[in-house]
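Peer 1: Use these hints to put chain B onto chain A, whose structure you have.
Residue numbers (the numbering used here), protein chains in the order written: chain A, 5 to 414; chain B, 99 to 504.
Errors might be hidden in some of the hints.
Quick list of in silico lysine-lysine cross-link-like pairs, BS3-like style, CA-CA up to 30 Å [to be verified]:
| hint | chain 1 | residue 1 | chain 2 | residue 2 |
| --- | --- | --- | --- | --- |
| 1 | B | K102 | B | K498 |
| 2 | A | K259 | A | K274 |
| 3 | B | K260 | A | K259 |
| 4 | B | K488 | A | K274 |
Hints in this document: simulated from the structure, not taken from any laboratory.
Keep in mind it's a predicted model, so treat the numbers as computed, not measured.
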Amino acid sequence: MNDSKQTQGTGALAGLRILDFGQGVSAPHCARLFADYGADVIKIEPRHGDAARSSGPYPGDQPHPERSGLFFFHNTNKRGVTCDVSHPEGRALFLDLVRRADVLIENNLPAQMRAWGLDYPTLAAINPHLVMISITPFGQTGPYSEWHGQDLNAYHLSGASARYCGRPGEMPLEHGTFSADYFGSVAAAAWGLAAVMGREMVGGGQQVDVSCAEAIAAAFVGGQNIGGLAQDGRWDSRTGVGMPLGAPATILPCKNGHVWMLALEPGQWKGLCKVMGDPEWASLEMFNDMYTRAQNADLIYGLMSDWLMAHDKMEIMEKCQAAGCPVTAVFTIEEAARHRHLQARHYFVDIEHPELGRLHCLGAPFKLPASPGGPRTPAPLLGEHNREVFAGLLGRTAAELDHLGAIGAI
Amino acid sequence: MSNKLPLQGIRVINFGWVWAGPVVGQTLGFLGAEVLKIESRARVDMTRNLPPFAEGIANPDRSLSNHACWAGNGSVTIDLKHAEGRALALRLIAESDVVIENFGPGVMERLGFGYEALRAVREDIVLFSMPAAGLYGPLEHVRTYGLSLTSLTGLDSLVGYKDGPPIPVENAYSDPFAGIFGAFAILTALRNRRRTGQGQHIDFSQQEAVMQMVGPAYMDYLFNGRSGTPRGNEHPTATMAPHGVFPCRGDDRWIAIAVASDAEWMALIEIMDRPDWACDPALVTTAGRLRAIGEIHDAIAAWTCDFEVRALAERLQRAGVAATPVLRVADLLDDPHYRARGTFIEVTHPLGFRETIYGPYVKMSRSPAAVRPGPAMGQDNDHAFLEILKLPADEYQRLKDSRVIY
Numbered sequence: 005m006n007d008s009k010q011t012q013g014t015g016a017l018a019g020l021r022i023l024d025f026g027q028g029v030s031a032p033h034c035a036r037l038f039a040d041y042g043a044d045v046i047k048i049e050p051r052h053g054d055a056a057r058s059s060g061p062y063p064g065d066q067p068h069p070e071r072s073g074l075f076f077f078h079n080t081n082k083r084g085v086t087c088d089v090s091h092p093e094g095r096a097l098f099l100d101l102v103r104r105a106d107v108l109i110e111n112n113l114p115a116q117m118r119a120w121g122l123d124y125p126t127l128a129a130i131n132p133h134l135v136m137i138s139i140t141p142f143g144q145t146g147p148y149s150e151w152h153g154q155d156l157n158a159y160h161l162s163g164a165s166a167r168y169c170g171r172p173g174e175m176p177l178e179h180g181t182f183s184a185d186y187f188g189s190v191a192a193a194a195w196g197l198a199a200v201m202g203r204e205m206v207g208g209g210q211q212v213d214v215s216c217a218e219a220i221a222a223a224f225v226g227g228q229n230i231g232g233l234a235q236d237g238r239w240d241s242r243t244g245v246g247m248p249l250g251a252p253a254t255i256l257p258c259k260n261g262h263v264w265m266l267a268l269e270p271g272q273w274k275g276l277c278k279v280m281g282d283p284e285w286a287s288l289e290m291f292n293d294m295y296t297r298a299q300n301a302d303l304i305y306g307l308m309s310d311w312l313m314a315h316d317k318m319e320i321m322e323k324c325q326a327a328g329c330p331v332t333a334v335f336t337i338e339e340a341a342r343h344r345h346l347q348a349r350h351y352f353v354d355i356e357h358p359e360l361g362r363l364h365c366l367g368a369p370f371k372l373p374a375s376p377g378g379p380r381t382p383a384p385l386l387g388e389h390n391r392e393v394f395a396g397l398l399g400r401t402a403a404e405l406d407h408l409g410a411i412g413a414i
Numbered sequence: 099m100s101n102k103l104p105l106q107g108i109r110v111i112n113f114g115w116v117w118a119g120p121v122v123g124q125t126l127g128f129l130g131a132e133v134l135k136i137e138s139r140a141r142v143d144m145t146r147n148l149p150p151f152a153e154g155i156a157n158p159d160r161s162l163s164n165h166a167c168w169a170g171n172g173s174v175t176i177d178l179k180h181a182e183g184r185a186l187a188l189r190l191i192a193e194s195d196v197v198i199e200n201f202g203p204g205v206m207e208r209l210g211f212g213y214e215a216l217r218a219v220r221e222d223i224v225l226f227s228m229p230a231a232g233l234y235g236p237l238e239h240v241r242t243y244g245l246s247l248t249s250l251t252g253l254d255s256l257v258g259y260k261d262g263p264p265i266p267v268e269n270a271y272s273d274p275f276a277g278i279f280g281a282f283a284i285l286t287a288l289r290n291r292r293r294t295g296q297g298q299h300i301d302f303s304q305q306e307a308v309m310q311m312v313g314p315a316y317m318d319y320l321f322n323g324r325s326g327t328p329r330g331n332e333h334p335t336a337t338m339a340p341h342g343v344f345p346c347r348g349d350d351r352w353i354a355i356a357v358a359s360d361a362e363w364m365a366l367i368e369i370m371d372r373p374d375w376a377c378d379p380a381l382v383t384t385a386g387r388l389r390a391i392g393e394i395h396d397a398i399a400a401w402t403c404d405f406e407v408r409a410l411a412e413r414l415q416r417a418g419v420a421a422t423p424v425l426r427v428a429d430l431l432d433d434p435h436y437r438a439r440g441t442f443i444e445v446t447h448p449l450g451f452r453e454t455i456y457g458p459y460v461k462m463s464r465s466p467a468a469v470r471p472g473p474a475m476g477q478d479n480d481h482a483f484l485e486i487l488k489l490p491a492d493e494y495q496r497l498k499d500s501r502v503i504y
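Isolated chain A (complex conformation):
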């Protein structure tokens, strides 16, 4: 149970036993980070499976609970069991796992956890060393703690969209992915791992309460906006143009897609002008510094467009970078996936899955040379490790497991 008791495995976090009692993105992704670096992560799913199993993407868009890309991505390296915690015997099994765990990661509504009798005080009473990482859109306390919420709700409650994404007068935009869930999950992993490593220091386990909305509202939006708001009542809204204080600083279309066009400092602007062939207009006084360029941004973007539309985004990026100008191509997912840089860094790993075949997956999120990590084994099939975990770890007999299956507890 403690750090010192080693279970099998290698990696920085080997010896830690983690229970993933989450669904969707936030808690499973947090648990995957622990699994990536060697922790023994047991995923506990309801009998019908994690909701992500009924979410795409699927190969050929054909729904199948064992072929969800969303589920696969967040659950590699884990063992999977099924357990109906609303069933008394299922709950007993769950508590038995909690007794042997270092960490429980979950993303259920607080009211749901209480209804199951799985709130933190109950679990702490049977395992005082347990670190319980609860990741929800709004957190465990406060007036919205009982609200229903998806990633969309958490993100928009943070102020991020109204401030930073979309055109004025039009609707504020989401971030193209499960942005709040991911932000919350990495915060949960960092603070949660510290809680685990500091158990002896602080005198035991604890609940780590993560609100995805709050993490973004604080560390992304708050950091840059709250001081001015509190002191001067000053605040800003989205402009739709990228960076309004300097130019060029926005996403612009080119021949085969888009580029993030950035040239603020004098050297960068000079570099960009050189790459564009030093057009006559660029020497006009109004384009001398980034502030006056910003005042004339529309004009400048218009004047650049012929050149942009005549050139390929990777070529623009390469030439601008060589000229000291931090322009980047807006990679599509395919371009990111195929880029030689990521290939050269062995970012991708191949994993064999019984239903999906061989998959070329995103690998470790960061490189630890002395204790490498990343996905190695596929996401578990539903209930794949019931016998291994319940018999091997909890010592239940085959007959007991048959009984638990028959009454619907597992």
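Peer 2: Just chain B now, kept in the frame of chain A:
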């Protein structure tokens, strides 16, 4: 409650600058580590000069946003252009567990702080580097700003109005994201050190860490060869409908509504008083609603625009529908939830003025996080040089006079 914090006893030297690097130190600081950021008046970090300033007085020690983003990092001023300054920094590293830097690849080596040089003074040091695209590879020297870093991951290609071009997110989401993520990376390395006694040099490519956020879209590419495109506020894997942001009464007032189940759909249409939808067999399943998502969203937008956003959100929540106001920056300080959770707090800066920063956004039941205000330049010099390095007073004074400590 404990009077100790989980990372007490861990000392961190932070060369991080601008935003991402300081957030790595801040995260460890919240959790009890002693974090000493190395900076210098000889080359003041650009974010110290960002307005607005405390009490309107422009000064590198008064940038409000900088204090919020750097809070929890101490500050030690050393001019690294001086050989003596670099030697002092190395002596501090010898007394520390972790070194953080977010320069481009090669800069630490040029300063004499490459991993091998650090190991020579501290065998088990954990060096954390977070360049844009990692420490090696064809894009090793790629130059980005935080707000454009996401373009290298594919993420930017997914953000925008449906069927429209990519729209830039107007600030560097990846900076605090990678900053907090980086703290996790450091803790994994520290745990490995605890098990094996071995330090290491973490190669944290911001591109690779942030690209994990496009995992779901990447899987679609892997399975179906599709590269995602902007889809407004629709669900990233097209699993929920309706799923959008709709106008409410007032200036720039919007409500976010996400329907995950058929039961939530029935609850929504009851409140909307749309019995025709309830009987429409084309709309009773998620698949059917996804096919008709455009018309459904138009009808919801026509309905929501007459309501006050908070009242409508509360009404929908009572019926079990996931609905929340889209908050503007102006709403954050007064929002009852953030007030109840103490998300934003007023602190006294070491120079004496009051300012509002964000507090611990993660709540720890046994060891509530440490809150320290943003650092004044050099506020920890006495501690670093007199207590940690035990410099004689006259030597300390000489180094200050000669602007090595500056």
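Peer 1: Next step is simple, just say for each hint if it's right about the structure.
Peer 2: So, going through the hints one by one against the coordinates:
Restraint check: the Cα-Cα separation between K102 (chain B) and K498 (chain B) comes to about 34 Å, which exceeds 30 Å; the hinted pair is violated. The straight-line distance between the Cα atoms of K259 (chain A) and K274 (chain A) is roughly 22 Å, inside the 30 Å bound, and the hint therefore holds. Of the supplied pair hints, the one linking K260 (chain B) and K259 (chain A) holds, its CA atoms being roughly 21 Å apart against a limit of 30 Å. For the given pair, K488 (chain B) sits about 48 Å from K274 (chain A) by alpha-carbon distance, which is inconsistent with the 30 Å threshold.
Hint compliance for this structure: hints 1, 4 are not met, and every other hint is.
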